[in-house]
Amino acid sequence: MGDAEVRRANRGWWDTDADDYQAEHGAFLGDVDFVWCPEGLREADAHLLGDVAGRRLLEVGCGAAAAARWLATQGARPVAFDLSAGMLRHAAEAADTTGVRVPLVQADALALPFADQSFDVACTAFGAIPFVDDSAALLAEVHRVLRPGGRWVFSVTHPMRWIFLDDPGEGGLRAVHSYFDRSSYVEQDETGVATYVEQHRTLGDRIRELVGAGFRLLDLVEPEWPQGHEGIWGQWSPLRGRLFPGTAIFVTDKPAD
88 MGDAEVRRAN RGWWDTDADD YQAEHGAFLG DVDFVWCPEG LREADAHLLG
138 DVAGRRLLEV GCGAAAAARW LATQGARPVA FDLSAGMLRH AAEAADTTGV
188 RVPLVQADAL ALPFADQSFD VACTAFGAIP FVDDSAALLA EVHRVLRPGG
238 RWVFSVTHPM RWIFLDDPGE GGLRAVHSYF DRSSYVEQDE TGVATYVEQH
288 RTLGDRIREL VGAGFRLLDL VEPEWPQGHE GIWGQWSPLR GRLFPGTAIF
338 VTDKPAD
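If you read the sequence shown in this note's numbering, its first letter stands for residue 88, the second for the next number, and so on.
It is worth saying that the hints were derived from the structure and are not from the lab.
C-beta: ideal position from N, C-alpha, C; glycine also.
Certain hints may be false.
[What the hints assert, rightly or not] So the derived label-pair ranges between C-beta atoms look like this: (1) ASP276 - THR160: 36 to 42 Å; (2) ASP183 - THR278: 35 to 41 Å; (3) ILE319 - ASP268: 24 to 30 Å; (4) THR278 - ASP138: 49 to 55 Å; (5) ILE294 - GLU92: 23 to 29 Å; (6) ASP306 - ALA224: 20 to 26 Å; (7) ASP106 - THR160: 24 to 30 Å; (8) THR282 - ARG329: 30 to 36 Å; (9) ASP138 - GLU317: 30 to 36 Å; (10) VAL192 - ASP106: 18 to 24 Å; (11) SER205 - GLY162: 16 to 22 Å.
From just these sequences and the hints, can you work out the full model?
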């Protein structure tokens, strides 16, 4: 599938699904909070971005921008962007509700409308990266807008999860797909038009894309399922989470020299 078809499908999906997504997950994500993953790891505890006070920060694929609002309360100067007008509508509504406002931009992650070296930090929790045709080009764009020494941290579904069915129960414990099959996951309407597209990359693919874009890998965080967390989010569940990782968080920076 080409980039234009993927972009059209996913923008339409998130515009249509925005209300249902927020109704299902909004309480878990919070209005002013930074939750990295369904395991519940919070930036307030993990400190993966370092000290953000006074830093100009870009949230990539922000959804309802809860993370950007939380970062603003920590002294950062965030800008949040998303491809979906539906998700940005929820971001604007949450700003009215909480009184915490950050600049919101509707933009394509493959063509960021920002100047070179205009941000100190960039981050995303499950935003944009799995939903573009060319994630290497996205990483190159993030590298472009980061200043030397800037940090880039993102979370995605752990690549090994693609081996299993998207099932939080017993059915999701049996390996059925090849880890090395990079075929896109595609949903279509009754006419065969793509309505949702998600991409699979291996851990090696992700690292090669990062290095190719000019980033340095500092850490790869695989959050463990915490005791007492009984929530289910799609394929994430206590059953699976206690056996193998569901999220991979890449912590990188743009070298200063």
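Here's how the hints hold up against the structure:
1. ASP276 - THR160: 36 to 42 Å: holds (41 Å)
2. ASP183 - THR278: 35 to 41 Å: Taking Cβ atoms as reference, ASP183 and THR278 lie about 38 Å apart, which means the hint holds.
3. ILE319 - ASP268: 24 to 30 Å: holds (26 Å)
4. THR278 - ASP138: 49 to 55 Å: Since the Cβ atoms of THR278 and ASP138 sit about 51 Å apart, the hinted range of 49 to 55 Å holds.
5. ILE294 - GLU92: 23 to 29 Å: holds (27 Å)
6. ASP306 - ALA224: 20 to 26 Å: Between ASP306 and ALA224, where Cβ atoms are some 24 Å apart, the hint holds.
7. ASP106 - THR160: 24 to 30 Å: holds (26 Å)
8. THR282 - ARG329: 30 to 36 Å: holds (33 Å)
9. ASP138 - GLU317: 30 to 36 Å: holds (34 Å)
10. VAL192 - ASP106: 18 to 24 Å: holds (21 Å)
11. SER205 - GLY162: 16 to 22 Å: Since the Cβ atoms of SER205 and GLY162 sit about 18 Å apart, the hinted range of 16 to 22 Å holds.
The structure fails none of the hints (numbered hints given earlier).
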